[in-house]
Amino acid sequence: MAQAISARGKLAARFARHSTGIIASVLFVAPIVWTALSAFKPAAEARLPPLPPWPTTGFSLENYATLNSFGDGLWASAQNSIYVSVMTVLLSVIVSVLAGYGFSRFRFPFKDLFFVLILSTIMIPFQSILTPIFLVLTKLGLHNTLTGLVGVYVTLQLPFSIFMMRNAFDAVPREIEEAARMDGAGNATMLLKVMLPLVWPGVVTIALFAFLGAWNEFLAALVLMTDQSKFTLPVMMTALQSGRFGAIDWGAVQAGVTVMMVPCLILFLALQRFYIRGLMAGAVK
Amino acid sequence: MRRKYRQAMTTITATTTAPPRVRKLVGAGRRQWIGLLYVAPAVALVMVFFVIPLGMTAWMSLHNWPLMGEHAFIGLDNYWAILRDTRFWNALKFTGYYTVIVTIAIFAIAFPLAIFIEKPRPFTNLYRTFFFMPAVVGFASASLLWSWLLNVDSGLFSPAAYDLGLIDKKFNLLATFQPAFWSIIAMVVWKVAGFTMIILMTGLQSIPQDLQEAAVIDGAGPFARFRAITLPLMRRTLALALILSVAGSILAFDQFYIILRGGPRNQTLTAVYWIFNQSFVSFKLGYGAALSMVLLVILVALSLIQLWLLRKPEGLD
Chain A
35 MAQAISARGK LAARFARHST GIIASVLFVA PIVWTALSAF KPAAEARLPP
85 LPPWPTTGFS LENYATLNSF GDGLWASAQN SIYVSVMTVL LSVIVSVLAG
135 YGFSRFRFPF KDLFFVLILS TIMIPFQSIL TPIFLVLTKL GLHNTLTGLV
185 GVYVTLQLPF SIFMMRNAFD AVPREIEEAA RMDGAGNATM LLKVMLPLVW
235 PGVVTIALFA FLGAWNEFLA ALVLMTDQSK FTLPVMMTAL QSGRFGAIDW
285 GAVQAGVTVM MVPCLILFLA LQRFYIRGLM AGAVK
Chain B
539 MRRKYRQAMT TITATTTAPP RVRKLVGAGR RQWIGLLYVA PAVALVMVFF
589 VIPLGMTAWM SLHNWPLMGE HAFIGLDNYW AILRDTRFWN ALKFTGYYTV
639 IVTIAIFAIA FPLAIFIEKP RPFTNLYRTF FFMPAVVGFA SASLLWSWLL
689 NVDSGLFSPA AYDLGLIDKK FNLLATFQPA FWSIIAMVVW KVAGFTMIIL
739 MTGLQSIPQD LQEAAVIDGA GPFARFRAIT LPLMRRTLAL ALILSVAGSI
789 LAFDQFYIIL RGGPRNQTLT AVYWIFNQSF VSFKLGYGAA LSMVLLVILV
839 ALSLIQLWLL RKPEGLD
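Chains as they are written, first to last, in my numbering: chain A, 35 to 319; chain B, 539 to 855.
Think of the hints as simulated: they come from the structure by calculation, not from any bench.
Glycine included, every Cβ here is placed at the ideal spot set by N, Cα and C.
Just so you know, not all the hints are guaranteed correct.
Looking from chain B toward chain A, a few residues come up when the C-beta cut is under 10 Å (computed) [what the hints assert, rightly or not]: (1) V675; (2) W728; (3) L833; (4) V838; (5) L842.
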């Protein structure tokens with residue numbers, strides 16, 4: 035009897051648990067799915083009431099086509115975003131791997147000073163030095179260029195990624211280097227062929243964070259890119275959503291938001307392990 | 539070559555625990571200078587895009603610095619002007635108000651979620667992933683998405699409620715302060731709660747299980763255990779999550795710019811928004827720099843409090 039009751043209680047608890055979990059999951063995921071589905075409504079249907087969320091008169095790519103007709107087109111700003119994000123990933127990985135290796139394995143003057151300097155940039159947010167960054171870029175002839183934006187984004191990533199890489203290199207036992215040295219590995223071989231494969235998880239993590247950071251950044255892109263042809267997706271979409279291209283087409287906004295969200299979601303789902311690892315490293319720091 | 543060293547690494551790490559950072563290194567001292575070359579690109583970037591702009595902020599704040607034309611040294615005049623800038627003080631006040639409310643709201647949602655997903659049980663990983671998904675979406679994307687959801691004519695909430703007969707007139711959530719403000723809070727909680735949840739989860743997981751069990755044997759109820767064990771042992775994690783939330787909220791810009799444009803009636807201008815306005819809409823770069831300096835001092839003070847909170851030794855470590 036008592037066993038039967040406790041079994042029933044367990045079942046009830048499990049039921050309560052999963053209904054809570056499912057309801058909360060729906061609340062968190064619904065806006066994303068809703069937007070992605072609505073983006074497939076034909077233009078005529080997009081103007082109708084929002085229920086149901088899915089297209090009832092057939093799937094259509096009309097909204098994406100409309101989106102592409104604003105300004106220089108969706109594809110142009112998507113290309114800008116892709117360029118900026120990929121360059122940010124490449125450069126921040128190269129710069130942080132080199133710096134992480136340097137900070138982990140060598141002694142040189144001002145080492146601690148440099149390390150603290152780079153790490154302390156995290157205390158002062160770029161929002162408060164954006165005005166002079168604008169002027170520095172102008173002085174360097176990088177104003178209103180995607181290259182300038184990449185420079186800013188890479189610098190923003192440095193404290194996190196250098197910290198991450200230095201720890202990764204620190205965890206590689208010195209014996210391995212000694213063995214490789216004995217086998218006749220030079221400096222370049224040592225870093226590329228011996229060390230890099232061992233710190234690979236760290237590299238994936240910093241690449242992921244660099245991509246998400248650059249892909250999603252808004253304020254710096256808004257301020258530093260003045261030419262419409264240089265707009266990244268968030269800036270372009272905000273111009274569209276504010277009605278700068280005439281009446282706001284919410285179908286096109288949904289399509290644009292979907293384009294902005296999907297790469298982040300795919301990367302996150304594929305690389306969850308590395309994302310959480312990065313979060314922990316960031317948290318420990 | 540690769541596989542060989544990876545194997546070596548597994549055998550070595552298996553026999554030795556994580557090696558302490560060794561300062562004596564292989565090779566002659568002279569060769570250590572090479573290290574400078576390795577870190578040079580990073581240092582150069584930080585100099586150009588961080589240290590110089592930081593110095594310039596202070597320098598510019600003492601100038602009348604229009605976008606075009608000559609700039610002129612005006613001493614502390616920009617700072618005196620800030621004292622009389624009611625818009626800025628209102629923006630600062632609003633930012634503070636927003637920070638407090640949104641932080642409470644985030645914790646109120648994230649803490650229960652963290653407890654919910656802490657233990658590995660069937661489907662927990664799935665729930666964890668779902669709760670976290672909005673956190674990887676950018677703030678700009680989330681804001682654009684919600685600007686549609688909140689829109690009075692073509693959005694979700696108001697038209698759907700109207701179609702379902704819940705309200706008899708479409709209600710514009712963004713037209714007056716209170717509904718607009720709470721709409722933003724809802725959006726930010728949706729976007730950020732998963733992130734805070736993961737941070738809190740690691741804090742929960744780091745609490746030794748036997749402590750909880752011992753407390754159960756001593757007859758402590760769930761509430762007593764939460765107060766006597768969970769909260770004190772999570773102090774550092776809580777402090778960290780708190781600081782991250784506060785620092786993020788004080789810099790809030792995207793959602794207020796994209797969804798509300800500072801409206802209704804400039805009541806939702808945040809500090810960063812006002813700096814953006816002065817620097818890049820009115821092109822008063824010197825004044826914008828002075829405003830930045832004020833914000834910077836506030837943020838550095840907060841960072842120092844953060845270090846202090848996190849450094850303090852913990853009772854049961």
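Can you list which hints this structure breaks, lowest number first?
-> none
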